[in-house]
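Quick note, the sequences are listed as chains A and B, same order. So that you can map any letter, position 141 of the first sequence is 141 in the working numbering, and since no number is skipped, the others follow by simple counting. Counting the second sequence from 1 gives a position; the working numbering is that position plus 430.
Hints in this document: simulated from the structure, not taken from any laboratory. The reader is advised that the hints may include incorrect statements.
FRET-style restraints, in silico, Cβ to Cβ [said to hold, decoys possible]:
1) Ala188(A) - Lys627(B): 55 to 63 angstroms
2) Pro104(A) - Thr789(B): 33 to 41 angstroms
3) Asn500(B) - Lys215(A): 54 to 62 angstroms
4) Ala188(A) - Asn500(B): 46 to 54 angstroms
5) Ala188(A) - Thr789(B): 30 to 38 angstroms
6) Arg389(A) - Glu491(B): 36 to 44 angstroms
7) Pro590(B) - Arg389(A): 43 to 51 angstroms
8) Lys440(B) - Gly395(A): 38 to 46 angstroms
9) Ser757(B) - Pro104(A): 25 to 33 angstroms
In silico DSS-like pairs for lysine-lysine, Cα to Cα no more than 30 angstroms straight-line [as the list claims (entries may be wrong)]:
10) Lys181(A) - Lys215(A)
11) Lys830(B) - Lys176(A)
12) Lys599(B) - Lys816(B)
13) Lys606(B) - Lys197(A)
14) Lys606(B) - Lys169(A)
15) Lys197(A) - Lys782(B)
16) Lys648(B) - Lys192(A)
17) Lys830(B) - Lys648(B)
18) Lys622(B) - Lys192(A)
19) Lys386(A) - Lys622(B)
20) Lys606(B) - Lys352(A)
21) Lys648(B) - Lys176(A)
Don't be surprised by glycine CBs; every beta carbon is placed ideally from N, CA and C.
Here is what each chain is made of, one letter per residue.
Protein chains: 2
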Amino acid sequence: MSEKYMEMWKNLGMDIEKHNQLLGILGQYYTAVYLSQKNRPKSMGYFDFVVSEIHGLRIKELNDQRAKGNKVVGAFCIYAPEELTYAANATMVGLCGGADFSVPDAEAILPRNLCPLIKSFYGFKLNRTCPYFQSSDLVVGETTCDGKKKVYELVNELIPTYVLEIPHKPDTQKGKEFWYKELEAFQAEIEKLTGNKITAEKLKASIELINNKRKALKRLQDLRAKNPSPISGLDALLIFQISFNDDPVRFTAKVNELCEELEERVHNGVGVTSKDAPRIMISGCPMAIPNWKLHSIAQAAGASVVVEESCVGTRYFTDVVEPKGESLHDLLWAIVEKYSQIPCACFTPNNKRLDSITTLAKQFGAQGVIYYTLQNCHDYNVEGIKVERALKVEGLPMLKIETDYTMGDSEQIKTRVEAFLEIIEGKKAH
Amino acid sequence: MSEKYMEMWKNLGMDIEKHNQLLGILGQYYTAVYLSQKNRPKSMGYFDFVVSEIHGLRIKELNDQRAKGNKVVGAFCIYAPEELTYAANATMVGLCGGADFSVPDAEAILPRNLCPLIKSFYGFKLNRTCPYFQSSDLVVGETTCDGKKKVYELVNELIPTYVLEIPHKPDTQKGKEFWYKELEAFQAEIEKLTGNKITAEKLKASIELINNKRKALKRLQDLRAKNPSPISGLDALLIFQISFNDDPVRFTAKVNELCEELEERVHNGVGVTSKDAPRIMISGCPMAIPNWKLHSIAQAAGASVVVEESCVGTRYFTDVVEPKGESLHDLLWAIVEKYSQIPCACFTPNNKRLDSITTLAKQFGAQGVIYYTLQNCHDYNVEGIKVERALKVEGLPMLKIETDYTMGDSEQIKTRVEAFLEIIEGKKAH
């Protein structure tokens, strides 16, 4: 891939040498984690291809669009209003933030005891090895957590960054009204950036575009309720991750194609594990690409990971935007209502998340939950206390893993996950 | 003190044995840190007395008030609307959260890598050794930071807790309107709690009450601009800390009495250090009583601490509430405007704080700034990057100290502070 896109990367101001190192590491890691899996659905071929071209062809597509005058907006959070972005003929992409590769660069400036995702994304902008950052005309941030909120101020010194404020007391009328006004302000911002007016017609079309993506992902997710699951946790996670980078129309079609193959598998009783493999939910912080650490450990230990209660998972696609009318006002309110359903741990109190976790556990037949906290993420870390209690009421065991992107604790996590799976096996035997 | 108030503490449900341990530790610590200071103003006698009775007489006063049907509201933040609380005949008090004593109890439940203030206050409620918690009818929380926001949910399981939402993008009209609505909702809450209606007349009176307190504290602070300062940093800090616990009328009178003595000192050129002592600003996280760690280290190293850019310091009293009319609406808006001036690091961007720090440094003749971050406080920690840059422009050196409430790192901090003071001395010599 390197030679083919060298010119493009240079034009994007990337650090070519460092980026080559990154590509080498990612390629090896992907081969080891993904391509070593047995019995993968054939339709995963497309997603393997997307990964292989994730810094190449997809970046070329984005920059071909930019050459035509269309804009690219980068984001890190599912509160960044995708629908409004597409309604202004702009493309929204997830930015890099899932690799330890860029953390040392960030730590030259940031405190070390920040969440690895935040250090990773700031480092990727600093060291110019993320082609999505380099191809973005605007970054859209949000006030979901202290760390991101404050580091966006520093990102803004490197690339224009617009921060949306998320009200933290959910389901109040005044919170929703505030969020509506924030959406209006974002609309003005994106109209200014693109020079395109967002009409009701355009917004309706982009709502449908993104709804279709969410529906396809939910269709995929629902198939994992079967025992055995027709797709591995790692493969499902990859698709959820790619959903933030790929072209939404093509991606949706490819996910639906995959679902057809998986339905066939289900019909034939074909799965990726035995029926007896312990079924695990992973709940907590988002896992940005290439953060496959916990899934690969759990899978290697014999677990069937069947659901991710995560922003890179169910929180993104469980609900769709459902307008009650055709006006811009109605459409924006429908976005407010949908986004208000996302049970992010930034909310207080966040009982909706506790309900969501226990409901998902039942729906997908999870026999245990691995609670995943990125280091120094206070929101998810503290909320884990309430999640564990809620699961206990349901008789479901929970294992809490707090980790970063390094591999230093992999053996320790492996040992803990294995012990956890033994507990689940023991419970089943009684 | 112990015997005299034993019955009261028992009635408050306190853990008597543990509380006795705490009192023993505090008494020794206060004697070592405060009473060993030389050349203290005579008027400090009152504040020494307040500290000696802070778990005794003051608690008796609060509970005498409660016996008459008046309510006590506990808080941890200067955004908790003191004026509205007093307007409903309730008293607002700062809750315990400045000692390592309660941290191990908190860590049985909370993650260890949370800010010590948060662990401390949760531990104080859990272990029932804070008589202010035990005397509170309501706790008022806020969404200033992730850690507090999520731990208030757990505090609410032990004592009724009402959380106010603070908008995080400052100075926007919609943020102020949201905060106005939050104040209205808090007004309703406090009226329900107390059974007292908040009238314009009552609110006007309580605004004056608290303005007088803020003005007295500012009068005290302004005297520290003199060289040599007529009062030590430790003593000023103590008064700022006590301002959250003492009766506001009495406290204000006693601070003004102290100011008269200090004015006399200034007139006579009397100070607590030599004129050559390096003048230091401490900027950053709040220091709840008995958090005297950094001040005592800096003072012992020869510094004259002349200003605290802190919620327990200038952020509390720099501005007063200035109504533009007499209606409840005008009075509430004046509160919105005043509180919006507080440059908490929870805001994004928070340029007002950078301006405030450089302005205060000039006003008080600070020759260096010690930036104080409680461990795992992302807001203040990350904002320190911008503060350091802003100070560099002014030619002011900054030393960043990130610490908790334990004494394990005291020697290390001492060494770093001493080296920092040498740098300042070296600059003066050139």
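Here is how each hint holds up against the structure:
1. Ala188(A) - Lys627(B): 55 to 63 angstroms: violated, 41 angstroms
2. Pro104(A) - Thr789(B): 33 to 41 angstroms: holds, 36 angstroms
3. Asn500(B) - Lys215(A): 54 to 62 angstroms: holds, 57 angstroms
4. Ala188(A) - Asn500(B): 46 to 54 angstroms: holds, 49 angstroms
5. Ala188(A) - Thr789(B): 30 to 38 angstroms: holds, 33 angstroms
6. Arg389(A) - Glu491(B): 36 to 44 angstroms: holds, 38 angstroms
7. Pro590(B) - Arg389(A): 43 to 51 angstroms: violated, 20 angstroms
8. Lys440(B) - Gly395(A): 38 to 46 angstroms: holds, 40 angstroms
9. Ser757(B) - Pro104(A): 25 to 33 angstroms: Roughly 58 angstroms apart at Cβ, these two residues miss the hinted range, so it is violated.
10. Lys181(A) - Lys215(A): holds, 27 angstroms
11. Lys830(B) - Lys176(A): Judged against 30 angstroms, a Cα distance of about 39 angstroms means the pair is violated.
12. Lys599(B) - Lys816(B): Satisfied, since the Cα-Cα distance of roughly 17 angstroms is no more than 30 angstroms.
13. Lys606(B) - Lys197(A): holds, 28 angstroms
14. Lys606(B) - Lys169(A): Between Lys606(B) and Lys169(A) the Cα gap is close to 16 angstroms, so the pair holds against 30 angstroms.
15. Lys197(A) - Lys782(B): violated, 34 angstroms
16. Lys648(B) - Lys192(A): At roughly 45 angstroms apart (the allowed maximum being 30 angstroms), Lys192(A) and Lys648(B) break the hint.
17. Lys830(B) - Lys648(B): holds, 26 angstroms
18. Lys622(B) - Lys192(A): Measuring from Cα to Cα gives roughly 47 angstroms; hence the hint is violated.
19. Lys386(A) - Lys622(B): Holds: Lys386(A) and Lys622(B) sit about 29 angstroms apart, inside 30 angstroms.
20. Lys606(B) - Lys352(A): Holds: Lys606(B) and Lys352(A) sit about 28 angstroms apart, inside 30 angstroms.
21. Lys648(B) - Lys176(A): Violated, at roughly 39 angstroms.
This entry does not satisfy hints 1, 7, 9, 11, 15, 16, 18, 21, going by the numbered hints stated previously.
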